[in-house]
Amino acid sequence: MMEGRQLISVIDDDESVRESLPDLLKECGFDAQAFSSAEEFLASDQISETKCLILDVAMPGLSGPDLQRKLTQQRQMIPIIFITAHRDETVRPRLIEQGAVECLFKPFSETDLLTALNSALRVS
Amino acid sequence: MTESAQSGKAIPVDAESSSTIPLETSILTGAVPLESILCTEELKRRPSRPPDHEKENRALVALVSALADSPSTIFQTLAETIQDITQCDSAGLSLLTRDGKTPNVDGKRFYWPAIAGMWNPHVGGGTPRNFGPCGDVLDQNRTLLFRHFERRYPYLLPVIPAAEECLLVPFYVAGKAVGTIWAIMHSDRRKFDAEDDRVMASLGKFASSAYQALVHIEDLKIQVAEREKAEAEVRELASGLEAKIRRLVEANVVGIVMWTLEGAIIHANEAFLHMLQYSRGDLATGRVRWTDLTPTEWRDRDERAIAELKATGIFQPLEKEYFRKDGSRVPVLLGGALFERSGKEGVAFVLDLSEQKRAERALRRSEAFLAESQHLSRIGSFSWRVATDEITWSEQLYRMCELEIGVPVTLELIRTRVHPEDVSLIEKMKMVHQASDGGNDFEWQYRLLMPNHSIKYMHAVAHAIRDQDGQLEYIAAVQDVTARRLSEEALDKARLELARVARVMSLGALTASIAHEVNQPLSGIITNASTCLRMLDAEPPNMNGARETARRTIRDGHRASEVITRLRALFTKKDAAAELVDLNEATREVIALSLSELQGNRVILKTELANKLPVVKGDRVQLQQVILNLLRNASDAMNNISDRPKQLVIRTEPSEGNRVRVSVEDVGTGFEREQMNRLFEAFYTTKSDGMGIGLSVSRSIIENHHGSLCATSNEGPGSTFSFSLPCETAVASPNGIAAEKKLAARQE
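Chain order of the listed sequences is A and B. Take 1 as the starting number for the first sequence in the numbering used here and just add one per residue. Take 1001 as the starting number for the second sequence in the numbering used here and just add one per residue.
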């Protein structure tokens, strides 16, 4: 963990995302941690440290929206950026309505990611 | 006279029974002329003895009393009288006969019924009519005196002793000569004279009477015998008939009653009494009268029957009712006759019609039920006798067709109602069922085009039965399904829309799944590339990190490529589940599945499945998908055809190279030559709503089965799609194995 940097937690069952996204976040000046499932994240001690959550929508076990509801119940107000490989335009407004900062369709550009991160961190 | 002649016997008259001399043939000519044996004229010249009238009278009286007392021996008595009066040696009678035993004026022979004197042993003998002394007498119609007639008639030689002289007198009955009486002297002891001539003539007259009396007696005997025989027959018949009638009455199969015209019942059998619940005791009181048994409203029928009886002696069977003892009524059939035409008593048979009436009522009720339920359910029915082509409609069917009930059903009549496009369907169906000895149940749908141009949709279900002669007959129920059909059409439309949506949806789902699989690696690639750029842009550049992320980018690129390859394999290289498949059977199943769809599209399906088709090895369901796809394509290709029947032929046959071919031939729009190459490309379609993957997938399946799928344009309209597959034995051949190995190698 790097001193003074904001921690971004990445939760995705796809390994290539867990592998690549934290590296990019670190290059952009964030601290980053990857989890392969919502359950793994909930079991960690990183929840309160996390300033923003980059969360996959469809995962085995708890899905992204499931985790979102759970965190709301636990009053953990972590800004969430959803990412998904299913380009379903109807999903995005629903997720934003339920409190997500943004929903990015894979593959997304670095610019879109940083824009979303900025608005997330500004909110918090 | 000769020694040999002395031992002779009388000549049998009957030529047939003669074993010695064939009479008729041997006597055609005489030994000497007739004149030489006649000496009649001498009678007048000879001295005549005086007449002995007293003797003569005595003789005649004796004869008359003999005729009265013992007519059967009158001829013998006459012969003896002749001998007595003429004092001759032999005397007798010759009578014309046919059978040699009884007199007959039309006889061709004479016989000797009675002889007195020396010739007595010759009784029963005789002479021919046309060649003999008796014949000569009849021919000349007068008394003749012969001397040694055996000189002319040698057949008399054996009749001994020989006749020196013979006096022969004809006698007549009703003007017809019937015979002679004669007297014979065997020596010249005495010569016949004029007195003998006179006496013989007198006796001849008596002979005539005797003859008549005898014939009359014989006739009487015959008549009596005949009458006795007839009486016996009548007696026998009567006793037999009586027994039969008694049997009929006592069997109680039918009611039998004997009555008088006034109303009394004289006798009735058990069946009759049982029918009306009366006992024999009731009958004995005489209070049971048939007039009282008849309800008032049937009285006039009784009166008509009585009038008929009086006029003709019988009354024709009629139906009426009787009261039973308990006052209830029983329907009956009765007929009868008077015993004697003008009598007052008669007999009648009575049949209980209760059961029949009940059955008639039940039948009427069930017919009414049927008619009513057909009316309510809008179901008509008809029967079709295949052999005679005889069609009968129910009333409801006439109503449904808006035709007058009872009009004879002909093909022409049917044509006035069946929709022109469906006439061929009906005729074809008719031919198919006439050709097969089948007897399978079947159903079909057709349309009626009514005179007001409205269309009715009909659904018919036919059930095959055999009538009592074993002839095939179909009983069919026809339902007007117009309302259902219209809502079905609406439903079909909705279903088609739904299917289109579903297809688009499934395509969307497919795309989404492909996108998801590809987007994951793409996401990694883009993120890594971004990271890589940042590492290179850093001061100093992070070369190791850049290298690592670039490597990951390449790896994810490969991963995306693999996804595409895997998807292709999913569609095209799916391994066929190997089982033995009978393509005829598989085809039949597909036809069964799609028949109603084809019928709905008015497609006439012709099936030509080869006998004994070899089996193939493969995935039955996949092959059926191909057949189904070809059938649907063919049906779709004929959607807009209206100028010709939408005929579709599905055919299976063995083909060259130990293969089996399945082909589907349509008469649809067909395709252009330049379209040919593109037909099997994925996403190529000529249909407005098609996705264009059917033929492409079909080809993949067929090729995966080592077969080939091809399309040809017909010489006429339309096209033929067919595929051929190697037979099971061919798959097992070395070539087949090699092909499989090659395939396996490619997959590794």
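Treat the hints as calculated values from the structure; they're not laboratory data. Remember, it's a predicted structure, so these values are computed and weren't measured experimentally. Take these hints with a grain of salt, some might be off.
To be verified - Coverage of chain B stretches by chain A, computed from C-beta distances (three or more under 8 angstroms per stretch; other residues unrestricted):
| no. | segment |
| --- | --- |
| 1 | 1527-1537 |
| 2 | 1548-1560 |
Stated by the list, open to error - Derived EDC-like pairs: lysine to aspartate or glutamate, alpha-carbon spacing no greater than 20 angstroms straight-line:
| no. | chain 1 | residue 1 | chain 2 | residue 2 |
| --- | --- | --- | --- | --- |
| 3 | A | Lys26 | B | Glu1548 |
| 4 | A | Lys26 | B | Glu1539 |
| 5 | A | Lys26 | B | Glu1372 |
We put the CB at the ideal spot given by N, CA and C, even for glycine.
Subject >> Pairwise hint evaluation, Glu1539/B against Lys26/A, where the allowed Cα distance is 20 angstroms at most >> reply: holds (15 angstroms)
**OP:** Verify the proposed pairing of Lys26/A with Glu1372/B, using a straight-line Cα cut of 20 angstroms.
**Re:** violated (89 angstroms)
Original post:
Are there three or more residues in the segment 1527-1537 of chain B whose C-beta lies within less than 8 angstroms of some C-beta in chain A?
Top reply: It holds, with 6 qualifying residues against the three required.
Subject >> Outcome, coverage of the segment 1548-1560 of chain B by chain A - at least 3 residues whose beta-carbon is closer than 8 angstroms to one in that chain >> reply: Holds: 4 residues of the segment 1548-1560 of chain B have a Cβ under 8 angstroms from chain A.
Original post:
Hey, Lys26/A versus Glu1548/B, does the alpha-carbon distance stay inside 20 angstroms?
Top reply: holds (15 angstroms)
In summary, the one numbered hint that this structure violates is 5.
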